[in-house]
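Here the structure of chain A is known, so what remains is to put chain B in place on it, guided by the hints.
Order-wise, the sequence lines are chains A and B.
By the numbering used here, the letter at position 124 of the first sequence is numbered 124, and the numbering carries on one by one without gaps.
By the numbering used here, the letter at position 138 of the second sequence is numbered 138, and the numbering carries on one by one without gaps.
One or more hints might be untrue.
In silico BS3-like links for lysine-lysine, alpha-carbon gap of 27 Å or less [stated by the list, open to error]:
| # | chain 1 | residue 1 | chain 2 | residue 2 |
| --- | --- | --- | --- | --- |
| 1 | B | K14 | B | K158 |
| 2 | B | K52 | A | K262 |
| 3 | B | K148 | B | K233 |
| 4 | A | K262 | B | K117 |
| 5 | B | K17 | B | K158 |
| 6 | B | K52 | A | K258 |
| 7 | A | K258 | B | K208 |
| 8 | B | K52 | B | K117 |
| 9 | A | K86 | B | K208 |
| 10 | B | K38 | A | K58 |
Simulated from the structure, these hints should not be mistaken for laboratory data.
Given the structure is predicted, the values throughout are model-derived calculations rather than measurements.
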Amino acid sequence: MERRRCPGKKAPDSPYMPDIYRLRIISNSEAAGDAYLLTLHAPQIARSCQPGNFVQLKIDFPGGGLWRRPFSILDSDGDNIRILYKALGRGTSYLTCFTPDMELNAIGALGNSFSEPGRLDSIVLAGGGIGVPPLYFLAKDLLDKGYLPENIHFFNGAADAGALVFLDEIADLGVSTYAVTEDGSMGIKGFVTEGVMQFLMGVKKTPVKKDTSLYACGPNPMLHVVSKLAEEYDINCQLALESLMPCGFGICMGCAVKVRDKNTTEGYSFRRVCHEGPIFNARDIIWE
Amino acid sequence: MMEKIDLSLEIAGKEFKNPIWLASGTCGYGEELADFFKLDQIGAIVTKTITKEPRPGHPPPRVFETGYGMLNAIGLQNVGVDEFIESKLPFLEKQNANLIVNIAGRSVEEYCSVCEKLNDASQIISAIELNMSCPNVTDGLEFSKNPKLAEELIKRTKSVATCPIIAKLSPNVADISEIAVASEQAGADAISLINTLVGMAVDIETFKPRLSNVTGGLSGPPIKPVAIAMVYKVYNSVSVPVIGIGGIMDYRDVIEFMLCGASAVQIGTANFINPRISIEIIESLKRWMESRDYRSLNDIVGKVRA
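Okay, chain A solo, but in the shape it has when bound (with noise of 0.2 Å):
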């Protein structure tokens, strides 16, 4: 499982390395579904990420927090990025203070980055809760890269309708937007991956055959979920992960996901989420 560092966007003989900036807030405001969104002045990053790629904000909060978190990208437009977060910890809550032209503390772009599908693939997106803006910034890159629309399926799942994120966004895409709640309050009724489920299904009851391509992020019990459902269809499956992170660059060991190894004599071995990651093949992980 090699890195991809950013690949595509850079000169061959000068590779992107992740560096430390102080980048400057340009907006950061309520979005739909509680969420919020931060658009950071990052020149760096923004014309050289990658969809999956994520940065490590240091937020520091009155009374504590020594680590950065990381935060996925939601896209890069010019010399700014945009970040999607909810606020659940005292982190992310702390975060929403922050106004224009206050700075904060960046090391980004960290992590690879998605494989491409095949160029006529079923594409399914499914995020679950905030898992959205990995896969968001997917569907913007593959349509950017002049893959059809019709054939990109987004699966957005929330508790209810009130806290799907970005559903309005990811319409105007262009692409197919499917809102999963599961108190049935809008779109299909269940988790996300009901959803995912249904359109697999009809895919095989199709009679014409057609790869599908799946992506997904979102809680690990979901992801556990979509990677049964991935091998019960036999269809390629990558998942963006999430995990406490101390330092999102590689070198404290601490976001480790098992995963498949043969190169062991356990048959695993534990996997950096941050450097190998967040992106990986759903059928390495072992869940447990």
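Coordinates of chain B only, in the frame set by chain A:
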């Protein structure tokens, strides 16, 4: 003015250009930090612990943030000494930085076997640091708890290794100076301290420990005063150089350690938050010395007015 300040030091005949080293387990084998600065600027890099055979390490969760500190139980995940020599040493050699290889084993024999293998590369290794103090594996810590075992380990590794031996001690003992004295008498060329303090955290929603290993090692700023007290105690008990470790976040912390007897220090957890912290500390240490008109580390080391 800046050029006149001499930050160099010597330990067991080995020259170090400055006293700011990177602590084991917080800098891997140097590859990732080399993205952020040239490793030859630091005093030394202490590798992640190497064992005789590769080890997969503990399952997740391995880390937890505790206020302004953190717990870890990585479980000595490492590639094993053969793979280290084969695939990690060539990179480290090219960096032209002083290299200290941290090692551990389940028995004295395992430590010795790793030392023997490293002998072939002794021209590029400044010292071997014995991890006698990892709180997260069943082996390791015992050597730091019992002065007789510490003595035997150091005597045996000294007789095998061709480079200097640094004994890295645990704070999880009744009297750290007793172990330090035993280590010195057995021939340790320097003493480094402290490793992490045993700690635990529990999720009150699930009633589960935050770490798969149940307990872990506490590091970061909260352990600094403990480390400084122990450095002070050990410095007053032995005559070999003492290397201070524990919660250093800036140059002021370094000076505190040095005043209490540390000839050099290791930067650990701070690397996670700022991968260039060691370089920034070297520069600010120089500026502070310049402002005080100090010319060498001898002006600071052990000068606490206690």
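Hints versus structure:
no., hint, result
1, B:K14 / B:K158, "holds, 16 Å"
2, B:K52 / A:K262, "holds, 20 Å"
3, B:K148 / B:K233, "holds, 20 Å"
4, A:K262 / B:K117, "holds, 26 Å"
5, B:K17 / B:K158, "holds, 25 Å"
6, B:K52 / A:K258, "holds, 22 Å"
7, A:K258 / B:K208, "holds, 20 Å"
8, B:K52 / B:K117, "holds, 9 Å"
9, A:K86 / B:K208, "holds, 25 Å"
10, B:K38 / A:K58, "holds, 23 Å"
Checked against the numbered hints above, the structure breaks none of them.
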